[in-house]
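So the sequence lines, in the order shown, correspond to chains A and B. By full-length UniProt numbering, the letter at position 147 of the first sequence is numbered 147, and the numbering carries on one by one without gaps. By full-length UniProt numbering, the letter at position 31 of the second sequence is numbered 31, and the numbering carries on one by one without gaps.
It is possible that some hints are incorrect.
Think about it this way: if two alpha-carbon atoms lie no more than 27 Å apart in a straight line, the pair counts; the simulated BS3-like pairs of lysine-lysine are [as the list claims (entries may be wrong)]:
#: 1; chain 1: A; residue 1: Lys695; chain 2: B; residue 2: Lys105
#: 2; chain 1: A; residue 1: Lys865; chain 2: B; residue 2: Lys59
#: 3; chain 1: A; residue 1: Lys865; chain 2: B; residue 2: Lys154
#: 4; chain 1: A; residue 1: Lys695; chain 2: B; residue 2: Lys154
#: 5; chain 1: A; residue 1: Lys695; chain 2: B; residue 2: Lys129
#: 6; chain 1: B; residue 1: Lys129; chain 2: A; residue 2: Lys690
#: 7; chain 1: B; residue 1: Lys59; chain 2: A; residue 2: Lys690
#: 8; chain 1: B; residue 1: Lys6; chain 2: A; residue 2: Lys695
For each label pair, taking beta carbons as the anchor points, the in silico distance ranges come out as [said to hold, decoys possible]:
#: 9; chain 1: B; residue 1: His33; chain 2: A; residue 2: Glu785; range: 35 to 41 Å
#: 10; chain 1: B; residue 1: Asn54; chain 2: A; residue 2: Leu732; range: 54 to 60 Å
#: 11; chain 1: B; residue 1: Gln108; chain 2: A; residue 2: Gln147; range: 51 to 57 Å
#: 12; chain 1: B; residue 1: Gln108; chain 2: A; residue 2: Glu800; range: 52 to 58 Å
What the hints contain is simulated information worked out from the structure, not anything from laboratory work. Glycine included, C-beta positions come from ideal geometry on N, C-alpha and C.
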Amino acid sequence: MMKSDEGVSGNSNNNNNYKFKDNTFRKYGVEVVAYDNNNNNNNNNNNNDDNNTVTVNSRGFHISIHPFSFRNKLTINQNNGSIGGSSSSSSTSNSVSTPKPQSFYVDDAGIAKQLNQSVFDILSRSRYLSSLSHENLAEFIAAEPSQKHHDQMLIVSEDYKNSLEKQIEIQAKRQTPIPSNTIGRYAYQILKALSYLHSQDLTHRSLSLDNIKLDDNNQIKLTNYGLYYLSDHGENVSFPIGNLLYLSPESILRGAKGSSNTKADVWALGCILLHICLGYCIWQDNNPSIVTNRILHLSGYSTTQSFNSISKSFEQCELKKTIINEKQHEEYEEYDDDEDISEEEKEKRIKDIKLNNRDNMNNFINSLKREEKENSDSNSGSSNSNIGIGLNGLGKELIEIIEQCLIPNPMDRPDSETLLDHPYFNEYKNIDPYQLQWIIKPFTKSWDLPDSLESLTLKEIESYGHIGSDNNGGGGGGGGESDSDIYSGKEIYYFWKLLGGNIEKELVNKGFAKASPSVHKLPLYVPVKASLTESTNSGLNSPQPYQHQHHQHQHQHQHPNIIKSKNSTVYNNEFCLVELSNVFLKIKESFKLYGSKVFEEGIEQSNNNNNNRFNNIENNIELQIIIIREFHKLLYQYQYDDPTLSQPKIYRLAKLFVPPILRGDIWSSILGVNEREAKQLYNSINLDVKGPNDKQFELDIPRCHQYHPLLSSRQGHVQLFKILKAWSLLNLEKGCYWQGLDNVASPFLVHHFFNEPIAFASLKAFVDKYLSILYVPNNHAALSEIMLIYQQLLAYHDPELLNHLMDIQLDPNLYSIPWFITVFAHILPIDKLEILWDSILLCPSSLPNFIAASMIIQFRDSILKMNFEDGITMMSMIPSVDVHKCVSDALSMFNKTPLSTTVTKFVSNTDQELWWMQEVPFEKRKLELFPRIDIHDLINDQQKVILDIRTPLQFQQIHYPSSINVNPKLSKLQQQMEQYKGQQIVVIAPKDQGVDFTNQLIQWKFPFVSMLNGGMDSLEHGAHSLLIISNKN
Amino acid sequence: MNNNNKIFQFKLVLLGEAAVGKSSLVLRFVRGHFLDYQESTIGAAFLAQTVCLNDTTVKFEIWDTAGQERYHTLAPMYYRGAQAAIVVYDIRSEDSFERAIKWVKELQRQGSPNIVIALAGNKLDLAAKRKVETAEAQQYAEENGLLFMETSAKTSQNVNELFVEIAKKLPKTPTTRPGSGRVAIAPIDNGNTGKKNKCCN
């Protein structure tokens, strides 16, 4: 009977298919390996098409969509019959003492709904879940609000077809129970995942057989672990979370929605392990009331159900005396709610509650064992035989673990970490490649061996060998250079969407999205006079509407105290699996199409001559797949290896394309942020002290980019506050907070949500690079300087527009301050801002000036017709700017503009001789409409018209080759000059002269006009040999 | 006197502490809408709106300024040449009232002579959390010859009324021709020298 099924005995799988990658940015997901067979070609007849073999090792990877309805906390103000956001005393809502303004929208049916905080809060929490990463957790990919049903959220998650539930069915059919060592490995892997979740302050709460998935290598992947956290412990949903069959007694006592702690998951694990080993659920029923009573009975309560150890079954019985009474329940509630009481007090109180009676549970498990024994002795066909391996088939230690999981009192029940330390699991740990993660832990260049290295066994050390080597094994063509990567679930989902995937359509196609107005969506079971027991009313007042649709095959009893409502939608435990073969195929094609060499050459070409081999990348999925692979390598190298090597490559690749899915990581690496240093710095700042700007932050944060779901969530406010505060504390001395820094910080927070250190470090680096001269107590001079440069650039490229702006007295002072003081973060919505910043980060820090000019030029045709008032009003239209055009225009302007135009010409303590390098009063410079350039820009570019306006005599003595001597006082000057219009013009003038002449050119709408800084003197000083000097002297 | 159909144009500036609702008041007055979370104003924002009185039309060129103290250096640029000012405070904040009084003093000292100043206690819809008593503000306004109203940009209570009262009080002399309300774009000097800046405390 104890034959081990091949598909089940997972231990042997570990070393073959479970290669642990140590050189890629992503750790878990879909693995792709391309083997280039060119190098050691044994088979000369190889077809060219087969030169490299690409394997996609998906291990049964799927994506599932799981829709759930969240609670619309709609409050109806009964005073005036209108629907309002703030809850008044007569409102139907029983919560919220301080009214918080909410916005509403009215749906097709005319029903006002809240575009509410809960959506934003759910979305912000989803970002926490998607930051988790563990080998036994299915990746949480995203939560997206449904476009169709405004009270529905769609959870997108990694998923697998096979689950423990199915596995048990399969094994039952084959009459081969799941063997003991496999159960042990399941227990080990589930515990690992749980202990990871618990270490992240998360409770699964709905652990059950159907959401413990198995990948194709038969490894555990927990799913659906996010719902409890996402819904704020069930607050945001109108259905109870958790499968009653695996619900812990304390969770039941706390009511359907009461919060659970992590110990509840341990109970669930116990039930599940027992289920696997017995082959049936220990509660032997599906009626919520009966199951509840049975759970509580085994936990030491006297209920209407009791376990008869002689008949070895649960029996209905007369309730003699109710142990749970109102008082005790209240105590329990108090324990939950009162946060002020001390830990000891809590412990004392919980001890009062009679959960510490373990007799019934022990009795129960012992009779199970006895029953098994009797059955096998008599060999009689019991109804439950042959489905599970049975308790006696399990090792003693595993039974002990199960018994510990099922300790009724949560205070006595061990936590997941303690259980994981049980010696029973040592044999699994020893062969677990993920246990060795510390070797390649992030942030360590070398192997970070633990102190206890001596204690490692030979076997353990041997097993490391499997980890470092990547190139052997795998399912590929063998030999040759391999090119591999792992794509995370988020990336697979991104590719799927690029290929036209749409979760809403997918749900409709698979029949998931049944349209029904949300007002009809009442809970399936409405507790009328909910009580714990049927015969008395002394039970709990909390509703117990547990019913799960996935158990429909079993008969559902109607609880007398629960009314079933019509047209209802209860929590649906169904998951819509998405077919991904098109994505995997695309990845294969991409790897074949762009081998490493092909891709390298392509980048070279497109970088060198701007040709369009790699154009339109946004729609080129193959290329994006490869670009992401490249970024994975580079970003990994940047964080954990040599940043100086990879940063230039990241620049180069990012200029080509910044994949939105990696934008945050790319930005921070371009800004020079190192994860470890960022964490050290951030953690060294004490945020508990009172900061100088705290009050201002509190005023500004709640109105910063509030259209954005993450930034308007409570979590977003908290995190933004911490980042801003950390920045202001760090810059106490020199820097200071200007309103607008909140806007600047926002994009970084959005990309590094729940990762404050990186968001903070990125903000810091960004401010240091672009804004340090502005974020000082007095920034007036710096700001004026920037606006002057902007105005001169505008004159250089669009003199007509500048002239008009000056005519209508629309000074940059009046509209451009928020542009420059926030690098456009204040005026643009985040999605547009990101496009701008992609280029700004990759270009010299003068680019914002060009962006500003190209931005206003986009509106030139309108502005030229406008007066002051319309013009200034027009500036509020700037957010509608086409950012892509803006960027490409700015870049082409940048390429056409001499570099020195935007560079400050002053050098302090210069020689009196070098008068052109000395500071000129701002008031004087402000009169110059044109930029000044340095001699390098004059010499390096021959395509310029050089107008020398010195006297003919001076010109004769010395002049620059091919320069033209012009008399600025000429009567028909404009006609004379007309021939040069449109060419780059540089004016060489005597000291302190030429401003009027050059300004005149701009007023005549001559573009590309500049003046040589220092005139002939600087030429003589710096480029004497180039000048043409008359010999007469 | 025949002012029929005549349009008079005035420059009006809003001053007051951060987040007291300056922008919200202007947006309620000009566009008739209200946002719960109005982005903070950086630098200043410009909007225009006309008010019809019995026999004349008054056009306001409104400069809505940044409230954060740091942007104080910019304020003179906007109130210079203004014929009217609304100094706003939040009725729930005594600090903002104190700040309003400082603004009034600055305007009286450095603003245009004969400038019409209105004091507005905003967020009247949140009167339950009031900290500044109406009588107190009323008395201060009377002593200083200010117009005074408590307003709510959210419910629009007293918003139009406030602007109408200002329009009524402004002198309709032939010299106030359209366009005279243009901003004087002379950058302020006190920030320029970089030596001693009285504005940043």
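Cross-check of the supplied hints:
no. : hint                             : result
1   : A:Lys695 to B:Lys105             : holds, 25 Å
2   : A:Lys865 to B:Lys59              : holds, 21 Å
3   : A:Lys865 to B:Lys154             : violated, 36 Å
4   : A:Lys695 to B:Lys154             : holds, 23 Å
5   : A:Lys695 to B:Lys129             : holds, 18 Å
6   : B:Lys129 to A:Lys690             : holds, 25 Å
7   : B:Lys59 to A:Lys690              : violated, 46 Å
8   : B:Lys6 to A:Lys695               : violated, 47 Å
9   : B:His33 to A:Glu785: 35 to 41 Å  : holds, 37 Å
10  : B:Asn54 to A:Leu732: 54 to 60 Å  : holds, 57 Å
11  : B:Gln108 to A:Gln147: 51 to 57 Å : holds, 56 Å
12  : B:Gln108 to A:Glu800: 52 to 58 Å : violated, 43 Å
Hint compliance for this structure: hints 3, 7, 8 and 12 are not met, and every other hint is.
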